[in-house]
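Take any residue in the sequence shown, count from 1 to its spot, add 10: that is its number in this note's numbering.
It is worth saying that the hints were derived from the structure and are not from the lab.
Ideal placement from N, C-alpha and C gives every residue a C-beta, glycine not left out.
One or more hints might be untrue.
[Said to hold, decoys possible] Result set (BS3-like, lysine-lysine): computed pairs, CA atoms no more than 30 Å apart in a straight line: (1) K336 x K227; (2) K114 x K48; (3) K241 x K186; (4) K129 x K227; (5) K53 x K236; (6) K340 x K282.
[Unchecked claim] Taking CB as the label site, the calculated pair distances span: (7) S243 x K341: 26 to 36 Å; (8) M11 x R95: 36 to 46 Å; (9) S299 x R60: 31 to 41 Å.
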Amino acid sequence: MEHTYYPHHPINSLKALNRALGIDEDEIFHALSNISYKEVPIKKKDGAIRVTYDATSALKVVQKKVTSNIFHRVNFPHYIHGCIRDTKTPRNIYTNAYPHAGCKQVILCDIKDFFPSIKAKTVFFIFRHCLGFSPNVSQRLTDLCTYNGTLPQGASTSSYIANLAFWDVEPLLVKKLESLGLTYTRFADDITISAKKSISKSLKTQVLHEVRRTIRKRGCSLKKNKTIVLKRSQVIIGKDKETQETTRNPITVTSLSIHHSSVTISKVERRKVRAFVDKLSKTEFNRVSYHEWCRRYSSAMGRVSRLISCGHKEGEPLKQRLKALKDEHKKFHQRSSNVSGRK
Numbered sequence: 011m012e013h014t015y016y017p018h019h020p021i022n023s024l025k026a027l028n029r030a031l032g033i034d035e036d037e038i039f040h041a042l043s044n045i046s047y048k049e050v051p052i053k054k055k056d057g058a059i060r061v062t063y064d065a066t067s068a069l070k071v072v073q074k075k076v077t078s079n080i081f082h083r084v085n086f087p088h089y090i091h092g093c094i095r096d097t098k099t100p101r102n103i104y105t106n107a108y109p110h111a112g113c114k115q116v117i118l119c120d121i122k123d124f125f126p127s128i129k130a131k132t133v134f135f136i137f138r139h140c141l142g143f144s145p146n147v148s149q150r151l152t153d154l155c156t157y158n159g160t161l162p163q164g165a166s167t168s169s170y171i172a173n174l175a176f177w178d179v180e181p182l183l184v185k186k187l188e189s190l191g192l193t194y195t196r197f198a199d200d201i202t203i204s205a206k207k208s209i210s211k212s213l214k215t216q217v218l219h220e221v222r223r224t225i226r227k228r229g230c231s232l233k234k235n236k237t238i239v240l241k242r243s244q245v246i247i248g249k250d251k252e253t254q255e256t257t258r259n260p261i262t263v264t265s266l267s268i269h270h271s272s273v274t275i276s277k278v279e280r281r282k283v284r285a286f287v288d289k290l291s292k293t294e295f296n297r298v299s300y301h302e303w304c305r306r307y308s309s310a311m312g313r314v315s316r317l318i319s320c321g322h323k324e325g326e327p328l329k330q331r332l333k334a335l336k337d338e339h340k341k342f343h344q345r346s347s348n349v350s351g352r353k
């Protein structure tokens, strides 16, 4: 049974913590004295708003030290894939989807309000018992990584803590599912369970019961409307936000189609990427701010990079098109700066 573990000596004093992070006590004290976050609302694909949090600069510096000097050293089990830096076995949306490619049946689950559900006592429990740190070190790190008693989504430390939330109970769940011939992965709050053959209705019920029982131990629950059981041939029926037309999309795991033996990006999603690039190319440079255009460019390049990673032939031409567009944008602003300088 594969467990999460910290392959180094536990940190047992605040002085040792300071040394491990490479910062002095004054810097940590300053961060603890300025625990404040700015709310950053983000619009999700379904139109709902997700509130993320941006820490003050002093706190952000310390949190990044915690991430790089502690969390990057943790060994995570093979079924955890979200936001993990692992050079030996890279984790990403592709590694999360690939184990389910070509499956006969899949169960898709979404943990409800995952980050707010992770309380400070769970964070302390992780540092104290999963990583084996002393009580005072665990409390210090808990204070640095939580906000108003919960896990702030957006902090660099939060995704790692979310991966560790079920460190002691998840291995038991995975072992049980694997004994039933099922494959389990988790990417942050998205749980995927698949089978290479059809499973009975009673087994589906048992599986969902086991998942709910496991995550309930950390005060979490599943979204009822996001728990879906599908056969390979089925599609997910939805509605296009812009046209309001009914859509029929193939089964996806972390936005990747698993219909075939290898993961791909669906035709619908590929059309959206092309449309996004088209829209950016038609945006007049003087109509949006420099930073807003760069944000849209980065978003477009990120989507195109996914096409390339999945081997879709339209990816490279779109990438070259975006790079040419970026050069034009740069020249436009250089000319604008020269004109402003002569005035």
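Here is how each hint holds up against the structure:
For the proposed pair K336 and K227, the alpha carbon gap of about 49 Å is over 30 Å, so the pair is violated. Proposed proximity of K114 and K48 is contradicted: the alpha carbons are some 44 Å apart, above 30 Å. Of the supplied pair hints, the one linking K241 and K186 holds, its CA atoms being roughly 22 Å apart against a limit of 30 Å. A distance of roughly 12 Å separates the Cα atoms of K129 and K227; the hinted pair therefore holds under the 30 Å criterion.
Between K53 and K236 the alpha-carbon distance is near 18 Å, which keeps this suggested pair within the 30 Å criterion. For the proposed pair K340 and K282, the alpha carbon gap of about 26 Å is at most 30 Å, so the pair holds. In this structure the supplied range 26 to 36 Å is violated for S243 paired with K341, their Cβ-Cβ distance being about 51 Å. Evaluation of the 36 to 46 Å hint for M11 and R95 yields a failure: the beta carbon distance comes to about 24 Å.
Taken as a hint, the range 31 to 41 Å is violated for the pair S299 and R60, whose Cβ atoms sit roughly 24 Å apart.
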